[in-house]
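Undergrad: Spelled out from the first residue to the last, the chains are:
2 protein chains.
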Amino acid sequence: MLDNLTEMLKGVLEGCVLEIISRRETYGYEITRQLNALGFSDVVEGTVYTILIRLEKSKLVDTSKKPSDMGPPRKFFALNDAGREELQKFWGKWEFVSSKMNELKERKQ
Amino acid sequence: MLDNLTEMLKGVLEGCVLEIISRRETYGYEITRQLNALGFSDVVEGTVYTILIRLEKSKLVDTSKKPSDMGPPRKFFALNDAGREELQKFWGKWEFVSSKMNELKERKQ
DNA sequence: TACCACTACATTGTAACACGTAGTAGTGTA
DNA sequence: TACACTACTACGTGTTACAATGTAGTGGTA
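Read top to bottom, the protein sequences are chains A and B. All letters in the first sequence, in the order written, are residues 1 to 109 by this note's numbering. All letters in the second sequence, in the order written, are residues 1 to 109 by this note's numbering.
Incorrect hints may appear among the rest.
One copy or any two copies: either way a pair holds, since identical chains are not told apart in the list.
Claimed, not checked - Restricting the straight-line Cα-Cα distance to at most 27 Å, the calculated cross-link-like pairs of lysine-lysine (DSS-like) are: (1) K89 / K59; (2) K75 / K89; (3) K89 / K100; (4) K57 / K105; (5) K10 / K100; (6) K105 / K75; (7) K66 / K10; (8) K89 / K105; (9) K10 / K57; (10) K66 / K89; (11) K89 / K10.
Read the hints as simulated data drawn from the structure, not as lab findings.
Please model the entire structure based on the sequences and the hints provided.
TA: And the structure:
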């Protein structure tokens with residue numbers, strides 16, 4: 001029904017990942033599952049991993065490898081100070097854009 | 001402060017243009033001004049024109065050239081049935097994504 | 001006349017992003 | 001042995017907003 005959210009997710013998915021990581025240290029596979037559970041059911045691992053690598057390159061997260069008893073070792077991600085700042089900026093932008101969008105939607109001029 | 005909305009506007013700007021056109025037949029230059037007035041002050045004409053050409057190619061709008069007493073002739077755009085359907089779909093997607101985003105934002109788990 | 005501001009549209013190239021696809025590898029189970 | 005699930009990585013593609021630039025019509029002004 002909502003056949004393709006791809007374009008609308010551009011620019012917000014990274015923020016979602018930041019928000020999820022901010023709750024607690026976590027790893028790519030689980031982040032993907034959480035996004036799917038949220039409702040973004042078409043988001044695949046490849047997408048999440050590219051975002052995580054981007055966050056790492058931008059130095060917004062700290063990483064650490066930890067063994068798992070369910071499969072290969074996990075690469076955990078945790079927000080650092082720069083990441084927390086970026087997350088706050090992200091929600092600021094979201095607040096702005098979504099308020100303007102709703103204004104446009106509601107306005108019957 | 002909200003230094004760059006570019007990425008977050010991807011996927012929503014086209015919907016904004018559709019919504020603006022749905023109110024009444026209008027043209028690129030004015031659409032740009034309306035978006036700027038809405039708060040999307042960095043949106044430039046080039047962006048709007050590429051969207052309009054895209055809408056035209058997708059056959060979501062009907063166009064007509066009309067003279068202006070303020071400058072060059074204007075290319076007016078009007079939504080057709082396919083465009084109205086697309087606009088409805090767009091708001092459906094927006095409703096979905098924004099509700100999920102707010103759910104994520106509010107949820108303190 | 002010459003110049004400028006405003007209106008109005010079009011085109012080209014670029015960077016960023018989500019995603020498809022494919023591959024590698026560890027663990028548990030039937 | 002085969003499969004399912006977990007877990008990460010890499011490469012290529014299509015879409016998008018935007019910067020930059022150019023063209024052109026109108027009106028004002030010095």
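Undergrad: Look at each hint and say if it fits the structure.
TA: So, going through the hints one by one against the coordinates:
Taking identical chains as interchangeable, the C-alpha atoms of K89 and K59 lie at most 27 Å apart only when both belong to the same chain, with a minimum of 16 Å there against 37 Å between chains. When the C-alpha separation of K75 and K89 is checked against a cutoff of 27 Å, the pair qualifies only within one copy, where the shortest distance is 26 Å, while the shortest distance between copies is 38 Å. Taking the shortest Cα distances, K89 and K100 sit within 27 Å of each other both inside one copy (17 Å) and across copies (19 Å). Within a single copy, K57 and K105 get their C-alpha atoms only as close as 37 Å, which misses the 27 Å cut-off; across copies the closest is 25 Å, which meets it.
In this assembly of identical chains, K10 and K100 lie within 27 Å of each other by CA distance both inside one copy and across copies; the values are 18 Å within and 15 Å between. Taking the closest pair of Cα atoms, K105 and K75 come within 27 Å of each other only across two copies (24 Å); inside a single copy the shortest separation is 42 Å, beyond that limit. For a Cα distance limit of 27 Å, the shortest separation of K66 from K10 qualifies neither inside one copy, at 30 Å, nor across copies, at 36 Å. Taking the shortest alpha-carbon separations for K89 and K105, both the intra-copy value of 24 Å and the inter-copy value of 13 Å come in at or below 27 Å.
Taking the shortest alpha-carbon separations for K10 and K57, both the intra-copy value of 19 Å and the inter-copy value of 23 Å come in at or below 27 Å. Taking the shortest alpha-carbon separations for K66 and K89, neither the intra-copy value of 30 Å nor the inter-copy value of 44 Å comes in at or below 27 Å. Within a single copy, K89 and K10 get their C-alpha atoms as close as 16 Å, and across copies as close as 18 Å, so both meet the 27 Å cut-off.
Hints 7, 10 from the list above are not met by this structure, while the remaining hints are.
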